[in-house]
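Colleague: So for the sequence shown, the numbering used here puts the first residue at 209; every next one is plus one.
It is worth saying that the hints were derived from the structure and are not from the lab.
Think of the CB as a built atom: it goes at the ideal place given N, C-alpha and C, for glycine as much as any other residue.
Fair warning: there could be bad hints in the mix.
As the list claims (entries may be wrong) - Computed Cβ-Cβ distance ranges for the label pairs, DEER-style: (1) Asp334 <-> Ile214: 15 to 23 Å; (2) Ala298 <-> Gly270: 18 to 26 Å; (3) Leu300 <-> Tyr271: 18 to 26 Å; (4) Leu212 <-> Pro255: 45 to 53 Å; (5) Val250 <-> Ile214: 34 to 42 Å; (6) Ser231 <-> Gln313: 18 to 26 Å; (7) Leu300 <-> Ala335: 49 to 57 Å; (8) Val286 <-> Val217: 19 to 27 Å; (9) Gly252 <-> Val312: 21 to 29 Å; (10) Ala335 <-> Arg234: 56 to 64 Å; (11) Val256 <-> Gln313: 34 to 42 Å; (12) Asp226 <-> Thr264: 21 to 29 Å.
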Amino acid sequence: MGPLFINWVRAIWTLRGDRQFASLARLVLAAIASGTLFYWLVEGLHPVDALYFSVTTLTTVGYGDFSPHTAAGKLFTVVYVLVGVGLLLAFLSTVATQVVATHVQNHAAGNGRAARVRDGVRVRRDARR
Numbered sequence: 209m210g211p212l213f214i215n216w217v218r219a220i221w222t223l224r225g226d227r228q229f230a231s232l233a234r235l236v237l238a239a240i241a242s243g244t245l246f247y248w249l250v251e252g253l254h255p256v257d258a259l260y261f262s263v264t265t266l267t268t269v270g271y272g273d274f275s276p277h278t279a280a281g282k283l284f285t286v287v288y289v290l291v292g293v294g295l296l297l298a299f300l301s302t303v304a305t306q307v308v309a310t311h312v313q314n315h316a317a318g319n320g321r322a323a324r325v326r327d328g329v330r331v332r333r334d335a336r337r
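Build out the structure end to end from the sequences listed, making use of the hints.
Modeller: Here is the structure:
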């Protein structure tokens, strides 16, 4: 679990300079913030519950513990899901692609270090003979 989390952090750190990723991240944050604000003001959810409902809706988890009760809430949710799911999917796939690239790069660097250590041991062993 630790190395995966570290690779996620490294991936996001690497992507931070990419303008397209930064725009995508801002759009995802705006979608979550707008959903949270809407559900808080229109549906009367507590702000933490509104955030929770926004994220579970966009990730299509939908535990069923919250649902919109007003007509405006239901219509907003339809548009919110259609727009937000695509944004979140694009964001997560970009990060996941970078996580894999970071993992492969770290693995290759690790194998390179291991090969250098093996070669060093072999040279020392041959020198003793």
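Colleague: Quick check: which numbered hints come out false for this structure?
Modeller: 1, 4, 8, 9
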